[in-house]
Structure formats: structure tokens, C-alpha cells
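Chain A is fixed; fit chain B with the ligand onto it per the hints.
As they're listed, the protein sequences go chains A and B.
So the first sequence is numbered by this note's numbering: it starts at 1 and just counts up by one.
So the second sequence is numbered by this note's numbering: it starts at 166 and just counts up by one.
Certain hints may be false.
In silico lysine to aspartate or glutamate, DMTMM-like type, Cα no more than 20 angstroms apart, as pairs [unchecked claim]: (1) B:K244 x A:E119; (2) B:K260 x B:D306; (3) A:K164 x B:D285.
No lab work stands behind these hints, which were simulated from the structure alone.
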Amino acid sequence: MEESLTLKKLRERFPASIIDTHSFRGDDTAVVKRVDVVDICRFLKESPDLSYNFLMDLTAVDYLQMNNPPKTERFEVVYHLYSIKYNHRVRIKAPLTEADPTIDSLTPLWAVANWLERECWDMFGIRFDGHPDLKRILLYEQFEGHPLRKDYPLTGRQPLIGPKN
Amino acid sequence: MAIESALGESVVLTRTDKVLGWARKYSLFLYPFVTACCGMEYMATAASHYDIDRFGAGLPRFSPRQADVLFVVGTISHKQAPILKRVWEQMCEPKWVVAFGGCTCSGGPYDNYATVQGIDTIVPVDVYIPGCPPRPETVLDGIMKLQEKIQNQKQEL
Ligand code: SF4
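Chain A with its partners taken away, still in its complex shape:
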């Protein structure tokens, strides 16, 4: 199948930072190096023929104990971009190591990244460099750990009042 315009342009423009790409039923995905994620997103947003002007979602995946296929990096930050103008989407993934789960913030490009990145920090403990106010958004300040990490116990309750039950 012919590669989509987005993936083709990405490969041309960032040959060294694209680790992998694939398309499944019209959904494009590019796995990229984390250092270039802001540049790539800026390119996708600002190229007139791509015009990905909407950051739909920003989340992460914890691949701890994922053996099939095995992953070398534990985390992946996942961005879903959408172009209101062309009605097309692309998914960008950036692998992060367990030792250094840090990536640059997208807040200079999209204001919505502010809260999405705070949620990602809250749930997965991924740090976003350059974020103006990286603090928990859903849980309380006293909470220790990041509950959506696979090594966080499922019922690891940290009540503010009342028994732990």
C-alpha cells in the first residue's frame, strides 16, 4: 500500500528521528525519538498541506512485562493529532526509558497540552520539560506514586481520612 502523505513527508523531513511507521486501515502511526517530538509536532502543525492543528489526546502506555513483542523502553508517550482542515489524523509515539521518563512539553504549541501533560504526570509519572506548572491534576498532593504504572498495586489506596479498607 502506498504510504500516506503525512508519513512520507515525515520521513523526508526527519529521516534520523523516525524509528518506525505503520498504517492500519487508514490510521497512520509514527514512532519517533523523544528529543525531536516538539520539532515533529511543530512541522505537522505548521506545514500548510498537513495542518494538524488539533491535539486530540496525549497519553502514555506502560509496557512493563510486555514480552510479545519485547520492548526495550518501558514507556511510550502517545499523541493523537487531527487536522480540522483536511479531516485526517496521525498518531505519534515516543518511547521513554524507565530510568529517565522525561520528554519535552508541547505547551508552546497547544495550550491543551498543559492539562493533558499534567494528567500524564499524575497517572504515569512522566516528566514534561518546559511545562509551566507540572503538578497533579486528578489526585491529591499527598498521594504517593503513579497509579496507572503497572507496578502500582491495583488496590493501593491512600485514604486521606478513614480506614484503608
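Relative to chain A, chain B with the ligand alone:
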């Protein structure tokens, strides 16, 4: 001759406890502490089709200081638990608590890091209404059980 027949129908004799219970059970002012999906079923019960005004519980108060019954409707997270406790503490005696729905009774479907496993770990509960969410009939049954409880309890003045 009993004194009632001498007085005719102009007087009703009763006990203070009984008459206070009767007055209290038919003037329930609910404080709906609504946090999640069960809220929809609370609204369905409160609206005209099921009409909880028939039970004297038709007027929700949105200040705990004006309410008698704390209706906890929906999932309570650990972040919210101190707020719920505080609302309960702000209510004047006599007061009652109803756990509306599975989440408030036991944590319901959520056995995870975020959810309080039953609000009775935080505030004392008088009536548990099970269901996810409970049907309006179940809620009305719960209200009637609460009324029965109010009628039969010792009335503090
Ligand atoms: S008991 Fe069910 S319907 Fe009610 S708040 Fe919990 S999950 Fe929602």
C-alpha cells in the same frame, strides 16, 4: 368512660415521640451529594413521574445546614472523602444518611486505588439502597424504610 369519647372528634391524643416522628418523616429535606451516574436515577425519582414529593421529600436543600437527610448519590473517591465528611458534620441534628447505589454501599464496581469502599467507613449510614443504579422503585422503598426508621426511633428534642 374513656376521655376520647367525651371530647368527640375535636381532639386527637398521641405521644410526643409519635407525633414528632410523624412530622419528621414527612418533611425530609434532602441534601443530594451527587457525584456520578446514580445522579440520573435520583433525578428520575425526584421528577414528576415518580414524584418523591408524595413522601414529603420533594424539596432538596443545597445547604447542609438546611437539610435533614444526606443523600450520597454516586462514587466517592478518596479525594472527595474529606468533603463528604465535612458536609455531614455541618448538618444539624437530627440527621440521617442514605447510601444511594452500589458505589456508596460498598465501592460498587470499583475496587481500585481511587474509590472509597463504602461511605460507611466515613459517615454513619441509616439506609442502604443497592443497585447500579437503583431503579426509582428501589429508591422509594429506601425512603419508606427511612421513614419507618424515623417514626420508630427515639425523638430528641
Ligand atoms: S452504583 Fe453504578 S450507577 Fe451508581 S454511581 Fe456507582 S457505577 Fe454509577
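Next item on the list: Please work out if K260 (chain B) and D306 (chain B) have their alpha carbons no farther apart than 20 angstroms.
Entry: Cα-Cα ~19 angstroms, so holds.
Checklist line | Agreement of K244 (chain B) and E119 (chain A) with the hint, judged by alpha carbon distance not exceeding 20 angstroms | finding: holds (15 angstroms)
Notebook entry, point to check: Taken at face value, is the distance from the CA of D285 (chain B) to the CA of K164 (chain A) at most 20 angstroms?
Noted result: holds (13 angstroms)
In the structure shown, no violation is registered for any of the earlier numbered hints.
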